[in-house]
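**Student:** If you're matching them up, the sequences are chains W and V in order.
Sequential numbering from 1 applies to the first sequence in this note's numbering.
Sequential numbering from 1001 applies to the second sequence in this note's numbering.
To be clear, the hints were calculated from the coordinates, so they are not data collected in a lab.
Since the model is a prediction, treat every value here as computed from it, not as a measurement.
Just so it is clear, CB atoms sit at the ideal spot from N, CA and C, and this is done for glycine as well.
Please note that the accuracy of each hint is not assured.
Only pairs whose alpha carbons sit at most 20 angstroms apart, straight line, appear in this in silico PhoX-like list of lysine-lysine [what the hints assert, rightly or not]:
(1) W:K119 with V:K1025
(2) V:K1134 with V:K1034
(3) V:K1054 with V:K1034
(4) W:K135 with W:K107
(5) V:K1121 with V:K1134
(6) W:K107 with V:K1134
Derived contacts from chain W toward chain V, CB cut-off under 8 angstroms, selection only [what the hints assert, rightly or not]:
(7) Q2
(8) D7
(9) T32
(10) V80
(11) R83
(12) A102
(13) R117
(14) R124
(15) P125
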Amino acid sequence: MQAIKRDDQMTDRRPEFANAGVGVDLSHFLGTWINTFRDTRSITRFVLDQASAGWTITAYVSDGVGDLGAAEVVPFAPNVDSRQADGFTARYDFGFLEMLLAAYYTKGLIVVSQYTRFKDESGRPDYFNREFFFKTD
Amino acid sequence: MTYTQNTVCLNDNSRINPGHQRVAKLDLSSLIGKWTNTNPATGGIAEIYVNQVKDALEIQVFGARSPDSCDWGVRPATAYAYEIAGEIVAGFELTYEFEDQQALVTAIHNRGVLVIHTYHKFKDDGLRTNYICKEFFHQ
Chain W
1 MQAIKRDDQM TDRRPEFANA GVGVDLSHFL GTWINTFRDT RSITRFVLDQ
51 ASAGWTITAY VSDGVGDLGA AEVVPFAPNV DSRQADGFTA RYDFGFLEML
101 LAAYYTKGLI VVSQYTRFKD ESGRPDYFNR EFFFKTD
Chain V
1001 MTYTQNTVCL NDNSRINPGH QRVAKLDLSS LIGKWTNTNP ATGGIAEIYV
1051 NQVKDALEIQ VFGARSPDSC DWGVRPATAY AYEIAGEIVA GFELTYEFED
1101 QQALVTAIHN RGVLVIHTYH KFKDDGLRTN YICKEFFHQ
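Turn these sequences into a full structure, and let the hints steer you where they fit.
**Tutor:** Written out as structure tokens, the structure is:
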């Protein structure tokens, strides 16, 4: 088993402790998450859902654009031994623009960092923003 | 889904406000140099070097691993501004591809601290689950 740092190593390598063939569970995060900042100029809310294979996010943005469609979500645990998600990544690609969402959970909030990269000739610089979301029912 | 492929602004943040001008280039100087993990006992990233090559960033990460650190290699990174019309760099992101895993490194600079989140995605590992590593670095 290769490792690029110490955290990559499992605490117990016995087979019965292995997470063999099992992905990270995101089910405790499923549902609608609302931006804590009502006047946001970016993502107003997002919905995490289970797909036939894996998980999806549908993000809704301000300015009447509506929803950005569903994107595949990759869940991540807090360590190599855990199966419960602590965060996720997702990527939207609209051709002229690519937006990476890198999110983690803390104290009832999902903190979403957005890395927006322009691929068109508009000259707009790539930019970052971070927003906080709470869960509705 | 209501967007169209011809949309040029996904939201207000993607639009330059009237009266504002796009800056010629991003000032990367606040990121340049060696960054050391605030936790000397980390099992994650021990050190990270940020270099500027022309108008771009090059990153070298050293993972904490006994007995020696693990050099992840030098890779280009995408730098991000805090806002679309701003000249202040917020941070960067890059992805390392290893034989057994992919590591997405995201870094944001705030008040002298570089906050790095690394998203580790294992390839057909079958044992380890994908995980996030959240760490803080100082110069």
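**Student:** Each hint should be assessed against the structure and marked as holding or not.
**Tutor:** Taking the hints in turn, this is what the structure says about them:
1. W:K119 with V:K1025: It holds: about 16 angstroms lies between the C-alpha atoms, which stays within 20 angstroms.
2. V:K1134 with V:K1034: holds, 18 angstroms
3. V:K1054 with V:K1034: holds, 18 angstroms
4. W:K135 with W:K107: Holds, because 11 angstroms separates the two Cα atoms, which is no more than 20 angstroms.
5. V:K1121 with V:K1134: holds, 15 angstroms
6. W:K107 with V:K1134: holds, 15 angstroms
7. Q2: holds, 5 angstroms
8. D7: holds, 4 angstroms
9. T32: At about 17 angstroms, which exceeds the 8 angstroms cut-off, the nearest Cβ of chain V leaves the hint on T32 (chain W) violated.
10. V80: V80 (chain W) check passes; min Cβ-Cβ to chain V is 4 angstroms, inside 8 angstroms.
11. R83: This interface hint holds because 6 angstroms falls under the 8 angstroms limit.
12. A102: holds, 5 angstroms
13. R117: With Cβ-Cβ at 6 angstroms, under 8 angstroms, it holds.
14. R124: The hint holds - R124 (chain W) has a Cβ within 8 angstroms of chain V, the shortest such distance being about 6 angstroms.
15. P125: holds, 5 angstroms
In the structure shown, a violation is registered for the earlier hint numbered 9 alone.
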